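Number of protein chains: 2
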Amino acid sequence: MKEQILIFGLGHIGGSIAKSLCKQGIKVYAEDLSKKTITYAIKNKIIKGTFSNLDLSKPYSVIFSTPPIVTNKLVNENKDLIKNAVLFTETSSSKNKIKKNAFINKIENAILSHPIAGNEGSGIDASDIKLFENKICILSPLKMTSKNSITKAQKLWGSLGSNCIKMDLNSHDKILAATSHLPHVISFSLMRYIEKSSNIKNKVLMGGGLKDFTRISSSDPEMWSDIFDLNKKEILKSIKGFKKELEVMEKNILSSRSKTKNLIAESNKARKKIID
Amino acid sequence: MKEQILIFGLGHIGGSIAKSLCKQGIKVYAEDLSKKTITYAIKNKIIKGTFSNLDLSKPYSVIFSTPPIVTNKLVNENKDLIKNAVLFTETSSSKNKIKKNAFINKIENAILSHPIAGNEGSGIDASDIKLFENKICILSPLKMTSKNSITKAQKLWGSLGSNCIKMDLNSHDKILAATSHLPHVISFSLMRYIEKSSNIKNKVLMGGGLKDFTRISSSDPEMWSDIFDLNKKEILKSIKGFKKELEVMEKNILSSRSKTKNLIAESNKARKKIID
Chain A
0 MKEQILIFGL
10 GHIGGSIAKS
20 LCKQGIKVYA
30 EDLSKKTITY
40 AIKNKIIKGT
50 FSNLDLSKPY
60 SVIFSTPPIV
70 TNKLVNENKD
80 LIKNAVLFTE
90 TSSSKNKIKK
100 NAFINKIENA
110 ILSHPIAGNE
120 GSGIDASDIK
130 LFENKICILS
140 PLKMTSKNSI
150 TKAQKLWGSL
160 GSNCIKMDLN
170 SHDKILAATS
180 HLPHVISFSL
190 MRYIEKSSNI
200 KNKVLMGGGL
210 KDFTRISSSD
220 PEMWSDIFDL
230 NKKEILKSIK
240 GFKKELEVME
250 KNILSSRSKT
260 KNLIAESNKA
270 RKKIID
Chain B
0 MKEQILIFGL
10 GHIGGSIAKS
20 LCKQGIKVYA
30 EDLSKKTITY
40 AIKNKIIKGT
50 FSNLDLSKPY
60 SVIFSTPPIV
70 TNKLVNENKD
80 LIKNAVLFTE
90 TSSSKNKIKK
100 NAFINKIENA
110 ILSHPIAGNE
120 GSGIDASDIK
130 LFENKICILS
140 PLKMTSKNSI
150 TKAQKLWGSL
160 GSNCIKMDLN
170 SHDKILAATS
180 HLPHVISFSL
190 MRYIEKSSNI
200 KNKVLMGGGL
210 KDFTRISSSD
220 PEMWSDIFDL
230 NKKEILKSIK
240 GFKKELEVME
250 KNILSSRSKT
260 KNLIAESNKA
270 RKKIID
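So the protein sequences, as listed, match chains A and B.
If you're matching positions, the first sequence starts at 0 in numbering that gives the first Met the number 0 and goes up one per residue.
If you're matching positions, the second sequence starts at 0 in numbering that gives the first Met the number 0 and goes up one per residue.
Quick caveat, the hints were computed from the structure, so don't treat them as lab data.
As the structure is a prediction and not an experimental result, all values here were calculated from the model.
Don't take each hint at face value.
Remember, identical chains collapse to one label, so a pair may be satisfied in a single copy or spanning two.
Listed below are the simulated DSS-like cross-link pairs for lysine-lysine, each with C-alpha atoms no more than 27 Å apart in a straight line [said to hold, decoys possible]:
#  : residue 1 : residue 2
1  : LYS142    : LYS99
2  : LYS242    : LYS260
3  : LYS232    : LYS165
4  : LYS250    : LYS236
5  : LYS35     : LYS22
6  : LYS231    : LYS242
7  : LYS195    : LYS165
8  : LYS250    : LYS260
9  : LYS258    : LYS195
10 : LYS236    : LYS173
Modelling step: build the complete structure from the supplied sequences, incorporating the hints.
What follows is the structure, encoded as structure tokens:
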């Protein structure tokens, strides 16, 4: 990764990429809607400068860490910049709208990245130099993506400490609906239920379990309403599937302690298989 | 807390109480179904001995950290031991069955304790000397509970580092259904859904969010099927209430990005109010 990097969007993800690459001595340039963010990033040596400082005669890669809707707009506005890049990628959690961008599908240096990292934080203040270390990054090549671009993307994420796996976009959106988007829907709903139902006027009754369990309900409304909208079809399927499992639990809690116990034991096993 | 302490059940909670009190120089004795646990606890100076070592001619307190059903049985079998104690308490998450024990209701030294601490671990291996530090402990006095016993219980939990709040048993079971039991039902259901729905054969796709979110789905089946059974009425009410909120999210994800955004913002606020 000797070339220059241009990042659009210096939020939690973009900022963390910038911090890590800059530390490695790579020339990182960035654009962000907020001038304050850019000033902060330059002052704190998170980036070297802005787009205007990029040397277009030398190799560069472009990373979009903007919300998906913004990314589509910016991609259309910066076609030449992207075409001439060594690598073009973006980092959002929902890909199907971006995939439909005909331009992206036609360029050979495009690959979609989804780092399975990040937390409920947002903005450059929440960025973290170690955010991607030992995390998975899903790489989704498009129709025309060259092998060379895949290798370059693997090197980029590798230099950030991530392990890459390749996955087609449909599988990506389906799996993420179940493992990431659905838990967010649940956490938002649970938090609203707890607030409405209980006469809890203070903070005293939240054990560590609930604290962890509702951590993601602090996630950014702008970003998550976007993700829910962009991956609507798969998310609604997931909610339906989850509700069925919830109803199985409900029935057994009502009628059978021993069956409930078996269901819980199955959950224990499932988690061990998938996570531990 | 100069007197002796007798603990029934040296699991995650009982073991943690023993560790902390023993460290403070208090004479802790314990009984557990597992001889291995008792041997381990004596060897590691978590307890000083068993029931047979307790000096019945000197003051002692009795703590039950056994599953609620076992506690009821043991209480009936050890009426004199309990009556003669300075303080009698128990630490389970669901109280309504214990409350109905007529004997407990008639003795003046009884108070029900619920430390809002603990995690998905179980057994003495998961015990932790600092488990109760800076945690809340809910104290639920019964009909006849004397002020003296309340003070003693406050001192006991205070010495473990907890802050006590008093709450009647009905409120306890209602609030815990929403803030602890429901999140467990959800986590168990979600884990089962994820395992069934996704063709995830490995561990790669679980971000930190899901890891935290499903941590409690590793909780003990025996204990949690008991809790669900004991607090059935309130838990089923909570599931119904949660499902309504989930359906509000579902509808808005389908039809309105801006309303979804507002719902998420409300969740953010609710969490901040309750937890941060």
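Okay, the hints, checked on the actual structure:
1. LYS142 with LYS99: Result: close within a single copy only, 11 Å intra versus 67 Å inter.
2. LYS242 with LYS260: For LYS242 and LYS260, both the intra-copy (19 Å) and inter-copy (22 Å) Cα distances are at most 27 Å.
3. LYS232 with LYS165: within (22 Å within a copy, 47 Å between copies)
4. LYS250 with LYS236: both (22 Å within a copy, 13 Å between copies)
5. LYS35 with LYS22: within (21 Å within a copy, 53 Å between copies)
6. LYS231 with LYS242: both (16 Å within a copy, 19 Å between copies)
7. LYS195 with LYS165: between (43 Å within a copy, 22 Å between copies)
8. LYS250 with LYS260: Intra 13 Å, inter 33 Å, cutoff 27 Å: intra-copy only.
9. LYS258 with LYS195: between (31 Å within a copy, 18 Å between copies)
10. LYS236 with LYS173: Only inside one copy: LYS236 and LYS173 sit 9 Å apart there, 32 Å across copies, limit 27 Å.
Of the numbered hints listed earlier, not one is contradicted by the structure.
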